[in-house]
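> So you can see what is in the structure, the chains are spelled out below.
Protein chains: 2
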Amino acid sequence: MRTLGIDPAVRNTGYALLEGDHTNARALDYGVISVPAKIPQSGALEAVCTGLKNLITKWEPDEVAVEGIIFVQSYRTAISMGAARAAPMIAAASHGLKIYEYAPKKVKKAIVGKGNADKHQVAFMVRALLKLPETPPSDAADALAIAIAHLQSSDPLKASMLERKQV
Amino acid sequence: MRTLGIDPAVRNTGYALLEGDHTNARALDYGVISVPAKIPQSGALEAVCTGLKNLITKWEPDEVAVEGIIFVQSYRTAISMGAARAAPMIAAASHGLKIYEYAPKKVKKAIVGKGNADKHQVAFMVRALLKLPETPPSDAADALAIAIAHLQSSDPLKASMLERKQV
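For the protein sequence lines, the chains are H and B, in the order given. Going by the numbering used here, 164 is the number at position 164 of the first sequence; the sequence numbering is gapless. Take any residue in the second sequence, count from 1 to its spot, add 1000: that is its number in the numbering used here.
Think of the hints as simulated: they come from the structure by calculation, not from any bench. Don't take each hint at face value.
When the alpha-carbon atoms are kept at most 30 Å apart in a straight line, the in silico DSS-like pairs for lysine-lysine are as follows [what the hints assert, rightly or not]:
(1) Lys1053(B) to Lys38(H)
(2) Lys1038(B) to Lys106(H)
(3) Lys38(H) to Lys1165(B)
(4) Lys53(H) to Lys1165(B)
(5) Lys53(H) to Lys1098(B)
(6) Lys1158(B) to Lys38(H)
(7) Lys53(H) to Lys1058(B)
(8) Lys165(H) to Lys1053(B)
(9) Lys1053(B) to Lys58(H)
Not close to chain B: a few residues of chain H, all C-beta gaps over 12 Å, as computed [as the list claims (entries may be wrong)]:
(10) Lys109
(11) Arg127
(12) Leu132
(13) Glu134
From a predicted model like this one, the values you see are computed outputs, not experimental measurements. Backbone N, C-alpha and C define an ideal beta-carbon position, used for all residues, glycine too.
Same shape as in the complex, but just chain H (with noise of 0.2 Å):
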């Protein structure tokens, strides 16, 4: 089993492929589609559902997980993170993939034990999991953080707890 975890941004999209299940997954891939600022949003928004089909067709994972939006300050960051969203769902359903949402908070919550953990517990604790040798990028941190728990969620003891959404 494939999962390709994604952290959904404009700019800075983090990505993870995990191969295994919930008791033992080692990262096959990780890091971070960048887009510099001077590309328009609608540049930008393409060359990340490139970048992820290109890497849906290298690692072709059986499943997709993202995380869910929880908290947003404005309505145009709302927009924007909508936006966000669209591209790793547009690359996941050309290549006929399910793709899974995951609040936030709950998956920090089964990473590190709680709720509001900051980025580097994120990142420290997806490093002792997959024992990478580094610590990664926050954002591909949280993209596999996102795709561990996605395997999670497969676990009795987890699933309820992660509420996995189809979107």
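Chain H is already provided as a structure; the job is to place chain B on it using the hints.
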């Protein structure tokens, strides 16, 4: 000059292809890309993106115009509208096309003469301006109105009012 106007939505995306300039435009094609409610949001966005790409391949527009988002009832709506807007952005950018945004009220003001015009007035005026044999469905009428507004934005008399913004 060919313009593709789009009224973005997750389920019913209006589109309109116009040829000509702001003094003399004719409709080459218009309609609505509809996606059934049983398709998940990811699949719907992908279907809209693919549908728009097919229209771009067929009609080879020079520029794309979409409705901007001004009024939203809730964060949930804002996120959903943000996602809906991403599909035309990705479709346009994948063909190297520039995409411009116009505020809905400015479009209505430009077409009907008042910013709070209702859907029937927009459809009526669009039919009259383009000499269409029938009144277009309302989502398509909105797309036709956006395409007309885009052409008018190159008219010095209307340009300042319409405030085109590249996205």
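> None of the hints should be skipped; say for each whether it holds.
Okay, the hints, checked on the actual structure:
no., hint, result
1, Lys1053(B) to Lys38(H), "holds (24 Å)"
2, Lys1038(B) to Lys106(H), "holds (27 Å)"
3, Lys38(H) to Lys1165(B), "holds (15 Å)"
4, Lys53(H) to Lys1165(B), "holds (29 Å)"
5, Lys53(H) to Lys1098(B), "holds (22 Å)"
6, Lys1158(B) to Lys38(H), "holds (28 Å)"
7, Lys53(H) to Lys1058(B), "holds (24 Å)"
8, Lys165(H) to Lys1053(B), "holds (29 Å)"
9, Lys1053(B) to Lys58(H), "holds (24 Å)"
10, Lys109, "holds (22 Å)"
11, Arg127, "holds (30 Å)"
12, Leu132, "holds (29 Å)"
13, Glu134, "holds (32 Å)"
No hint from the list above goes unmet by this structure.
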